[in-house]
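Chains as they are written, first to last, in our numbering: chain B, 1 to 191; chain E, 10001 to 11283.
Do not rely on the hints blindly, as some may be mistaken.
Here are the simulated DSS-like cross-link-like pairs (lysine-lysine), alpha carbons at most 25 angstroms apart as the crow flies [what the hints assert, rightly or not]:
(1) E/Lys10029 with B/Lys33
(2) B/Lys13 with E/Lys10034
(3) B/Lys41 with E/Lys10399
To be clear, the hints were calculated from the coordinates, so they are not data collected in a lab.
What follows is each chain in one-letter form.
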Amino acid sequence: MIKAILVFNNHGKPRLTKFYQYFNEEMQQQIIKETFQLVSKRDDNVCNFLEGGSLIGGADYKLIYRHYATLYFVFCVDSSESELGILDLIQVFVETLDKCFENVCELDLIFHVDKVHYILNELVMGGMVLETNMTEIITRIEDQNKLEKQEAGLAAAPARAVSAVKNMNLPQQIKDIKLPDLPAAIKDLKF
Amino acid sequence: MALRKVKGNLERMFDKNLTDLVRGIRNNKETESKYISQCMEEIKTELRQDNLAVKANAVAKLTYLQMLGYDISWAGFNIIEVMSSPKFTYKRIGYLSASQCFHQDTEVLMLTTNMIRKDLNSHNMYDSGTALTGLACFISGDLARDLANDVMTLLTSTKPYLRKKAVLLLYKVFLKFPEALRPAFPRLKEKLEDPDPGVQSAAVNVICELARKNPKNYLSLAPVFFKLMTSSTNNWMLIKIIKLFGALTPLEPRLGKKLIEPLTNLIHSTSAMSLLYECINTVIAVLISISSGMPNHNASIQLCVQKLRILIEDSDQNLKYLGLLAMSKILKTHPKSVQAHKDLVLQCLDDKDESIRLRALDLLYGMVTKKTVMEIVRRLMTHMDRAEGTMYRDELLQKIILICSQNNFQYITNFEWYVSVLVELCRMEGTQHGGLIASQLMDVAIRVVAVREFTVGQMALLLDNAHVIVGPAAARSSIAEVLYAAAWICGEFSQLLANPKATLESMVRGKVVSLPGHIQAIYVHNMLKLYAHIIATAEEEDDSEMIEEVTNLLLERLPVFVSSGDLEVQERASCIVHIVTYVQKCHKHGDKVGADLALLMTGELNPVAPKAQKKVPLPDGLDLDAWINDPPSESEEEEDDALEKEIFVKADSSYKHRKEKYEPSEEELQKLRDARRAEQASNPYYVKSSALSSPRPNHNSIQVDEIPVTAIDLNVSLKIPGMTSLDKYQVVDGWQDGGKKRHKKQKKRSKRKGQVSSSSEEEINRMHVVNTDIGEMPEGAHLSDDYEIDDRPEDDPHRALDINLDEPLSPNEVLPTRTHYEAHAQRKIESNNEAKLIPSEIPLKMKTRNKKERKEKKEKTKKVKKEEKKVKKKPSRDANLILDLIDPLKETVISDKVPVAANHINGIADAKNKEKTSDDLDFWLSKELSQTPESCMDGTTKTASPSTPSSSKDDSKSKKTKTKKEKKAKKEKDRDKPEKKLKKNEKEIDTLSRNRDEYEETNGTVTQEVEEKLAVPEPQPYSRLLAEDSHIRIVYSTAAMDGVMSEILVCIKFISQSSKPISKLQLILPDSSALKMIRTPGKLVFETGYRLFPPKEMGMAVFQRKQRQPDPQSELVNLPWSLDPGESKETQLSFTAEDVTIPHKLRGSLSYIQDGSSSSSDISLRLEFPVTTFLSGKTASRATFTDLLSSGQLSARSSFTLPNCPWSFPEVLEELTLGGSLAVVECVDQTASLYGRSLHGHHVCLLVKYQASHHLTIDGKSTEGILLSNALDHLKTTLMQKQ
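Only chain B is shown next, with the shape it has when bound in the complex (with noise of 0.2 angstroms):
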């Protein structure tokens, strides 16, 4: 099981959290800085499994984490998933991303954390692995954006609109933040 999932950027601001086990707001927050602290001062060469946040489970919990560009991916997983299947998962999740959002970057998570977590319900669901067929996943999404269009017809017209004029403001170069080469990445994917 998947206990919890949390993005967060190289300074511990959250970017996407997932508990799959109930906690109150504060200790979520609390849990996310503790997990940024435990996670943020380990050098980028070393293995990616932590034990034992104190906060999230006891001794069969691990944390397994993945960090591209500004963003860590953090998942909390109990004994029973495989170490190295959660780390090709964050990868397909990452991937995923990549192809939804078309050179996914740390703003795209900032601005669009609703539809991230919507692509993130298509691949795990109430802390179990529910698909990792990267094909699926993107045509289950985009059966669900078309039907949104759909819905959204003629009377979203003058609100999309307005969120384009305002939209103008945003400083592209912003999107400067890219993460790393995927392919690349792919390439040292074992599994």
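Add chain E to chain B, keeping to what the hints say.
For chain E alone, coordinates are given in the frame of chain B:
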């Protein structure tokens, strides 16, 4: 209205959306909280509006704020509003928000039940998908109970996407509503064989989660998983399955033996590291569980270790980490094979990665031997010096102590060395393990008598240098604890002190007052011990000067402690002050009190067994709860309690340990002492008690006083002068020293002569003896724990899921369904009636069943004859039998010949059945074991050579197991002599297939009917004409294979009507959109006989006994045989249908060549599948039947009337049961109720009324309206046709 809508839209444009909110927060970095509270206000107003779009937007923003740590539970109701929106977009926002902030105790959840149910059953797949995902996050006990049934229906959805999610959700349902597990489990099990790999994998996932917590209940599933493991290529699933096996093997060692082969093969063949790693892990688990060695046992370990070494040597840190992790598991049972890789592990200690270093440390713990302990500890100590970060250093320290102290200091040969290590460890800055070191010091001092003097000397030095240890950094650490040990040891064994007075002085002076209270108390108390010792010796020597000096010293210093804030210290100090003053007074009078004073402290200290206190038996007549005196008033009592706490609770654990010491009576003590002395006397290794009185070390110890004491430079060095350095011991001990080694070798040889069994490690002489008694125990008490504890916390939901799944379901075990209140009441009455009726029903059914069985046998023997005959309609009973055969969940009945009146729906619990399941597993396991030599072929690699020996072996095996069948096989053989060659081959396959039956039975997946028919082609029920021409006639019959396979079996029979042989028969049956033939992948597994669990698909095509397999992709089915004139043969095909509620048709053709003619002829075929094909008649008991009717599940109704039915009532019934695949539940006079279940689990219930005037009425109820109306239509037409 329209205007309002437009207005709403316009307003919406200027509302902040999520993007605006995020941007706003980013732009207000300094005043973030202010900005957010402002936004919260806006959100609150937005939520108050009617427009759902506005609300959804607000909720979306709230979800974002939740991530930042803001509580949004106040908006629960609004979230539910958004969830209930008909629009997918908003619904999704709502569900996301709910999944982020709701939890099982959220109160508003109880409002959602019906809404979620609606969403689950929505037409839009993604609506239900969203609901399923959301539900997985916030499901509560109530929701689980109310929605369990809806989730179950989704299991049979036609969309794999929903099935997959529903399967996963089931796990959460089980956690919250454990009662659902048993009724739902059969369905879940079916999903293991789902055609969609995603669903399959989800089912594996769920069962693995369940089994991980309660493995024993899932042991019976092992064959199914084994089959999956050998046939699947999905790595995700394989990993899960292999992990599951890892959990199962400790319970069933035989399973482990069976697993080794396929796992080793996987290890060799897989390229996926994750899979490789899990395989190794499970192999290790297997090896641990197998206590007795297997022949290739060692090879497996070697393989694992070797593979792990590759992992550890990999540059990838992750693999290195995992390799070490797995290695430590091997270490527990096979330390020898790991010890060979000591170099590697030590190398990992230098790794820059802390996780890896910690793992390597774990490994070291088990790699220690008497020879290596010193070296390893030395390395660890140097690491500790270099290590940064107290956490890691503490870990190291703890490991060092663990390594040394394991198994009662098993590996320590030189205790002086160990004491020095401990003393050295005291110099560690900021450690949290002061207490640990202290208890080790005390342990060694007490238990290793020989090294006591040395220890005391070291402790005296420690006390002397207390200020070094308790440096400025000591505040945050617990290192001061070692002073506790030092003070105690010096006091207790004061007679061994070289210079008691100096020690007393060092105890008195210095900043003792700054130490923690309990340490001060120990100081004070041990000062008295020292004092007593000094006085006693001084009196002997008439050294009055000394006496005076010491007494004055104490009297001068003790008042500091008397005014201590710590009560314990105060009490002891004032007590001692009075004693000392008294002694002083006595001395003034010239009295010698030294001996008397020393008497206060005499008495030998014995270790006490850890549980001795608990085990003290309660003497007769002692009531611990009774008041000794009259109970005091309440207020007083409270005060007393508080006081007591103050005094007694402060002591730390080691201190307490002493306090708790069991005080035996004098006689008991004497007895124990005698016993111990006797034991010591007989123990050649024990240093005799003379060591106690005049302890002369029997080793070349370094005399403490020989070491020059140099001045300490406080600021620079933390080294305590006078402490023996560790390096010395390695030379002293000389285990590396070449010269000594030679000496040792000689010793070895000489020892070998006398003592063959001694291992090489034991050759290192232990220099000291440890008292390793378990310690004192009260008489009659045993150390062992006599109770087993479930260590899971009370609230762990998995406790509730410890449910036996093999027992058949009882009638009341059904998932709760929505019912109206009245219906409920009615049902109760009815079921009461049922309860009375059932018992009388059973014997009757038993009888008929026996009859059936006999009949079946007869038919089997008549096989060949009947084959020749034209297919006839059978009496209804036989039809029932066939239906029974087809009911997969009845396989126990069939194989066991135990009549059971009910099928799985009601499944009256019978013990025999349960027995059976365990027998099945046993059978599977034992069978497999004898098979091992053959089955050593890789499960996934297929060797195509059709090896007759192996199949004949199988043949013989099946003979062994089923003698009855063997007989029959013989008969068959005799009869089939003319077509020897073909038939022989056939027979082999036949027996083989039966052999497989055995497995299938144990599997719970029932395919054997198919094979059964191969051997015994029973006249088919209700055969229909498929096609006919002048040469050939083809009839077919269909049967639903319910259960695991969810297939329709079509039996096609070819009857030659020509005078010439017909050959090259070729069926062309293209799949229609809704109906698909299940084809065999081109695996030649069947011929090899190695596969014990051939994939289920092969049931059909391979089954046709041919060498040429049909191309899986083509629609061609080549029939390998030819038809001789007048002969008839049959083939079986299986189909799956996506939608079972509508009738299907399949067009195809048959081509064949008649001998003599050059061209082939074609006949076109039309296979019809009326909806009744998809029904399987289950003889439901009346109880479940009425349950079903009253449950309200059967929402669809339909009926028809035939005013002029030419048929008699029995004929009608026969038609319904045979043609309609329904089963009669109850038949009274001219009325009958029938039941059928579709492949996808829809229920169909019919009530047939037949009135005297040939007036036939059939009323139907079903869970699925379309199915029912189609079924009734079909029945009507068939009945009409007969007219």
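Against the structure, the hints come out as follows:
no.	hint	result
1	E/Lys10029 with B/Lys33	19 angstroms, holds
2	B/Lys13 with E/Lys10034	18 angstroms, holds
3	B/Lys41 with E/Lys10399	24 angstroms, holds
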